[in-house]
Structures are given as structure tokens and as C-alpha cells.
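The listed protein sequences correspond, in order, to chains E and B.
In this text, residue positions in the first sequence follow this note's numbering: the first is 1, and each later residue adds one.
In this text, residue positions in the second sequence follow this note's numbering: the first is 1, and each later residue adds one.
For the record, the hints were derived by calculation from the structure and aren't laboratory data.
Among these hints, one or two may not hold up.
[Stated by the list, open to error] SDA-like, lysine to any residue: derived pairs with alpha carbons at most 20 Å apart:
| hint | chain 1 | residue 1 | chain 2 | residue 2 |
| --- | --- | --- | --- | --- |
| 1 | B | Lys82 | E | Gln166 |
| 2 | B | Lys82 | E | Glu168 |
| 3 | B | Lys74 | B | Val13 |
| 4 | B | Lys82 | E | Val29 |
| 5 | E | Lys121 | E | Gln166 |
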Amino acid sequence: MDRELRDEMKNEMELTFDAISSNEGLARVAVAAFVSRVNPTMEELSDVKTAVSEAVTNAIIHGYGNLEGYERRGRGVSAAGGVQAMEQGRGLPAAGEIRATEPGRHGKVRMQCRLEHGVLKVLIEDRGKGMEDVGKAMEPLYTTRPDLERSGMGFSFMEAFMDDLQVESAPGVGTIVRMQKKMTSGPWIPREE
Amino acid sequence: MDQFQVIDHCLMVKLPQELDHYQAGYFSREADSFLLRPEVCHVVFDFEDTEFMDSSGIGIIMGRYKKVAPLGGKIYAINVGKQVARILELSGMSRLVEVL
Ligand SMILES: Nc1ncnc2c1ncn2[C@@H]1O[C@H](COP(=O)(O)OP(=O)(O)O)[C@@H](O)[C@H]1O
Ligand SMILES: [Mg+2]
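Next up, chain E with everything else stripped away, as it sits in the complex (with noise of 0.2 Å):
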């Protein structure tokens, strides 16, 4: 693809969804037709989706404590609490608001991407109970949640699968990860009109 062409293409999405594992699917789609404009590579936009499954993840498992998924067949869990935020034209409910293990009630995820100069950032944010030492979480192997069968894998995947990977977070504040990686561009597949 034109190298010029590619680097004039800025670009900006954000999506909020609801912290339930079913919608981990939904942030992976919308991150790979987000990049897909600057036609990166296979390879490119599996890590690009890896990553941002892991980030996404987290927030809803870690952050909210959201199981709904994974102990799929169980009960179901009303959107009442996000929808209500909403309505009042609030953004992000506070990490008070919602008490994540609270059944019947979770967060929200927000997932902002930046297309600038062929390089895409993506920040992913939940206001859940947020992590007292990022470094040791963010070790290779640790998990706190091994009764999940989580494998403490996702920050490292993260890590291999960006260029560059920024954690902040504050226990009952909440988490923000921000990755960036450049797209080096695959070859240039002109579009169908």
C-alpha cells in the first residue's frame, strides 16, 4: 500500500460494551475492522486481537469479578445496572457504584483505538477493582485466579504480541492498559468497488 496514503489515514473509534464474557468476541472484531484499514498482515492482526482478548479479559474477569461466561448454563445476569447508568448520560460508573460481585449487576469496559501514521493504540478501561502491585501481576505465570484455570499468561501475550505495553492501576479505582504497535502494511490488495 502507498506508504503516504497509509500514513495520512488518522482515525479514532471507542466502544463501550458491557463487562460480560460473551462481548471479549466483540472487542477482538471491532479492534481487526478497525486496523484492517491500513491492511496489516495476518500475522499483525492475530497479535493485535490476542492482545486485546487478554486486556479484555481481565477487565471483565479481574476487574468486575464477571463469571457469567465462563459458568455459562447458569443463571442470567440482567444488564439493569449498565443500562441505568446510561440513561443518566454518565459515562464510566464509578468503581463504587458497582459491586462486582454483586449478582445481577457488572461494569463496563471501554476500549478506545488510534490509528495515527500506521501505528494503532488501543487503551482498555474498567473502573473494577483495579490491582495493589502492577509489576508482580503483570509477572509471567501469576494469576490470582487459579480456580479459573487462568494461566497468568495474559500480560506476557501482551507483552510479545505489541510494541509497547503501559499498566496503571489503583485497588477500587480501577485499570487502564495502554498498547501500541506499529503495522508494518501487507501487500496492497486494491478493493472492489
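Based on the hints, put chain B with the ligands in the right spot on chain E.
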């Protein structure tokens, strides 16, 4: 749709198109119910349909490995695509799993 099949002491698990946390619980629980059968020793994960897997897949494999390995059982992976292969490699899973 036969996601689980027992053939010759092996539990064959046909994994889904997208193997993430959302899918993980179901496959772990179902696999474990088959592992209770005394004739089942090994697990074969079939990735034929799987286009995407994240670290949740590692959890499924590790969990079953811990169950069968003490009894001399093995874990196999078949029809592994590019994305899944990278995940298995990066996580060190390729040491515990025989990729056929
Ligand atoms: N958004 C988050 N909110 C709260 N805790 C988190 C969040 N993300 C990660 N953590 C903590 O960091 C640990 C390591 O995360 P990760 O490397 O993805 O492994 P895993 O998800 O398999 O546990 C988690 O077990 C959890 O304790
Ligand atoms: Mg994780």
C-alpha cells in the same frame, strides 16, 4: 455436532472457532466429565476449526494435563493453525503437548 468423542483410550475434543475465556469453562467441564471414565487416558485437542485462541486455551490444556499426566496420560494437539501454534510455542505448552 460431536465435540467430544472417546476413541481408543483417547478423549477427542473438537475445539471451537474462537477459544477464549467465554468458551473455556464449558470445554473444561465437559472434558473433565469424560476423564472420569476409567478407560480414558489421553486427551487429543483438535484445532481444526480454531482460528483464534488466547491464554484461556493454555488454561484448558494445562488443567487437563494436570489430570492425565500423573496417570501416565498424554496430551496431543492436532490440526494446529498458525495463530494457535504461536500461542503454544510462546507459553511453553509445546513442551507438554505433542503437536501432531
Ligand atoms: N483489569 C484488571 N483488574 C484487576 N486485576 C487485574 C486486571 N488485569 C489483571 N489483573 C491481575 O493480574 C493477574 C495477572 O493477569 P494475567 O497475566 O492476564 O493472567 P490471568 O488473567 O491468567 O490471571 C490476574 O490474575 C489479576 O490478579
Ligand atoms: Mg488474563
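A quick look at each hint next to the structure:
1. Lys82/B <-> Gln166/E: violated, 27 Å
2. Lys82/B <-> Glu168/E: violated, 32 Å
3. Lys74/B <-> Val13/B: holds, 14 Å
4. Lys82/B <-> Val29/E: Roughly 19 Å separates the two Cα atoms, so the pair holds.
5. Lys121/E <-> Gln166/E: holds, 11 Å
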